[in-house]
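Read top to bottom, the protein sequences are chains A and B. Each step along the first sequence adds one to the number in this note's numbering, with nothing skipped, and position 513 is 513. Each step along the second sequence adds one to the number in this note's numbering, with nothing skipped, and position 92 is 92.
Everything labelled a hint here was simulated from the structure, so no lab data went into it. Among the hints, erroneous ones may be present.
Below, simulated BS3-like cross-link-like pairs (lysine-lysine); rule was C-alpha separation at most 30 Å, straight line [stated by the list, open to error]:
#1 K455/B / K511/B
#2 K513/B / K502/B
#3 K118/B / K362/B
#4 K277/A / K139/B
#5 K197/B / K278/B
#6 K529/B / K404/A
#7 K277/A / K197/B
#8 K306/B / K274/B
#9 K277/A / K118/B
#10 K306/B / K143/B
#11 K434/B / K529/B
#12 K143/B / K277/A
#13 K448/B / K511/B
#14 K139/B / K435/A
#15 K197/B / K139/B
#16 K143/B / K404/A
#17 K424/A / K409/B
#18 K424/A / K139/B
#19 K524/B / K458/B
#20 K282/B / K326/B
#21 K434/A / K139/B
#22 K409/B / K529/B
#23 K326/B / K434/A
#24 K409/B / K458/B
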Amino acid sequence: MPPPLQAQRLLLSHRRLNPSHRRRFTAVSSLPSAPAKTLATGAAPSSILSIRESLLSGERTAADITADYLSRLRRTEPSVRSFIHVADAAAEREAEELDRRIATGGHDVVGPLAGVLVGVKDNLCTANMPSTGGSQILDGYRPAYDATAVRRLREAGAIVVGKTNLDEFGMGSTTEGSGFQVTTNPWDGSRVPGGSSGGSASAVSARQCVVSLGSDTGGSVRQPASFCGVVGLKPTYGRVSRFGLMAYASSLDVVGCFGSSVVDTATILSVIAGHDKMDSTSSTHDVPDYKSELIPLDLLESKPLNGMRIGIIRETLGEGVDTGVISSIKAAASHLEQLGSVVEEVALPSFSLGLPTYYILASSEASSNLSRYDGIRYGRQISADDLNGLYGGSRASGLGHEVKMRILMGTYALSAGYYDAYYKRAQQVRTLVKKSFNEALERYDILVSPAAPSAAYKIGEKINDPLAMYAGDIMTVNVNLAGLPALVVPCGFVEGGSAGLPVGLQMIGSPFSEGNLLRVGHIFEQTLQNFSFVPPLLAEG
Amino acid sequence: MALTLLRGIRTPTLFRRNAGLFFTTIHPPLSSFTTRAESAQATESKAAPKSIQLATKEAAEHKKQGFEAVIGIETHVQLSTVTKAFCSCPYNYGSQPNSTVCPTCMGHPGTLPVLNAKVVECAVKLGLALNCEISMTSKFDRKQYFYPDLPKGYQISQFDIPIAKEGYLDLDLPVEFGGGHRRFGVTRVHIEEDAGKLLHSESGSYSQVDLNRAGVPLLEIVSEPDMRTGIEAAEYGAEIQRLVRYLGVSNGNMQEGSLRCDVNVSVRPVGQSKFGTKVEIKNMNSFSAINRAIDYEISRQIVLHKEGQADQIVQETRLWDESSQKTFTMRKKEGLADYRYFPEPDLPEVVLTSDYIDEIHKSMPELPEAKRRRYENMGLSMQDVLFLANDDNVARFFDSTLEHGADAKLAANWIMGDIAAYLKNEKLSIDEIKLTPLELSELIASIKNGTISGKIGKEILIELIAKGGTVKSVIEEKDLVQIADPAAIEAMVDQALADNPKQLEQYRAGKTKLQGFFAGQVMKASKGKANPVLLNKILGEKLNANS
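Please put together the full structure from these sequences, using the hints given.
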């Protein structure tokens, strides 16, 4: 077998050489509590695989592994604040139980995710933990059931370590919109982790858990993955059951996942994907073993992407996009070219229509989906002398500013006399967006773009400028409108913070082509040498 | 007034139980409705032209006053499916509050509706029975409003594409109300879910929410404004009740709320084509109440028109009050409510195939209208036809009796006479008595062939109704076979004449009325079994022979 990709350094000449990287990595690997394997750099290793190997070989116990993660979590959590709820005692108990079962039952009892600590976005219902959706109106609420994605993870042996922070009900792009706390970016504590799945992204970035679940309605997995330097996957609409996901915009919502490697992300998707009789919109499309389709680095040919056609979306590299981001994406594109693919610019004229269309449709559905939070059956109830007072009081005090704004916008868009001009027209535009993506995907196997127009910005920077925040979703919302799968892999850095800020490459595919996206993402990740996406936070004390 | 909503359903204990019920329910999980994308033409014909409407007495009366009433009805039929429309909870009327609920029908975060395929089947059945065009592709929409009995803050319903539309309903008005055939248009039939119930405390200081009924499937049937009087509207409702019972899609019980009629009434001067201001009336829990409420409302509106106070008729909802026999304002409508309908994103479209519809069509029983026409063709009077066809059980009993060879008119007479009287006295329905259609046909045959007399027949009938058994066994057991042997009757007549010489003398002196006396003596001696025709013939001969 010839050594793959001889000209690695040359290939990656766009890399911003940053001496602090090497320094940081050395520091991290010397952390006593950090399992060396999970923090290795270069080709991102699979944490899930190494946990599995450790458990099966008897090298480490689940209790040890859990203790490692929990101690790192306790150390980093005061500054990162990824979690609304940490179930450390339950996690320890479950790990001990797993060790007992391994000791008595052998390897047969070890599920594919045995001992893997998972963070779950708090808008996914968990039976034995609070589930708030990041909203004060559900403070103290404990669901009676597990969301299907959570149930499937648990059945595969995963341990839910806690519930991660989010913008209230998924509405926001910074996680500042949480009703409980502000999460910070592990790469720079003064910056946002992105959102709305900011807690899930920061938790994986800071290695507070192995993998995590998020949800993506307009970019809520992909943008924080980009901001935090982790892998984030938004599956095809219907690929993963929405049962147990607190609905924000039902026709756009998808449960997605985060990992520190493509392998881990693929492993999680294989477990959570598939039809669910509790969700009529979930697909019966076959679920392949995504991980088995990934080609290990040492088996890669020199041009593994030969014959692949990749379109780089022209509209995502123009005005309003940071030059640093543009050059990272262009470099990533030439990396893909070096791997054998043909990369061409592709124009999607309907691209700019995505944003207004998204905000009309998502707000409309949200205004309906959030009606159930009325203070009657569960959640916060403010006593009043009459029914309207009870509704008004409970919702006024329980719901946050951004949520109220979107309920108002959506109510307006669905009102008699405005429906045709807003909701109906937006549905028509959505059809156009779908059509233009489908046409482009007939010509190209994959479309690429940045996952966000910039890297992580400062906390508070856009909090009072909703339009600026909404504009940040331009890269991602079209994908939700079209119902397509998209994978974000870290591809480079821009200036900022103490060690640079990560930038993610978004790869978009045809419906149910997750296998192909993960395969290409994995090749990209494996061949992207000399980048470490372990945040500086882990090098500190 | 403080408003406290039932905290019970918020307590973790009950909730946990609900959760258990949710996952361990014995009912089979609902599968979503197959949405095969086949296109097929609707198999049902379009609404037939309206038949000429004969004016009833009331309508004629209104016309005389120069006015005409226009009535339309919205009927909600609660389906008797095993599980609710969008979750696997059962529903039983009158069960403990909040005992048949789950996270889905309680509107908990993250839950999703899954359509019960049985609901679609019921809707297609009723749509076909109402001669509607069935939509090969229909969808669900959300109707949004806030109320504590509506857990999600929206009701899943069908807005612009109902599952069935443009049909009609044929019926015959009762003879005592002047009779006449009617055809009323049906605008649409759509699927929706029921809301829960508010239970108000006696003091009025708090209310409680019972969500057992939340999510129970309903079919809403909207009529054209084709009715003109209370009795027409009441009969329309009654015919819907018959249909749903014939089809087995609902128990149609008005007291339990399984069948609810909301009526729109307006009045306009004769000759005016524009409708008058319509008033909605609710809270009628019998067809008779519908009839009375509408007639009251029509009179009220006519009076206002005649007094020049037509502007006092406003678009509002009025409640029928049974005790005062009047309607009262419940709430004035402030403009049109905006329910902000939009397509339900959690449910795929309902796509039907023509095979599916044909299958259902084939499985449907004979419906009341067809039955009435069939009975009419047997030569039965409309009175008989309505009595027999209006109750599915009676019709089945009648048809079965005919299948065993009984004569239609005779069977109808027995059912409407002695059997109906018995049922009325004992407050039973025809399927609760021990008499079988076979034995009724045997009874009719036994009388016809002279084995027993009609009088004995009535005695046997009561015996069979109460205790069961066969006609044959009762006749044998009680020795009831008619004496039709002329020699035996002659002997009894001779004996009667010999026993009563004084009366015989009087007869022969010209008091011929006494023949009845002798007949009675013979009947008594024969324990009623003597064939009366033969008896009278022989007795006459004997009485007059020796004179």
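Exercise for review: May I ask which of the numbered hints given earlier this structure violates, with the numbers listed in increasing order?
Suggested key: When the structure is compared with the hints, numbers 6, 10, 13, 17, 23 turn out to be violated.
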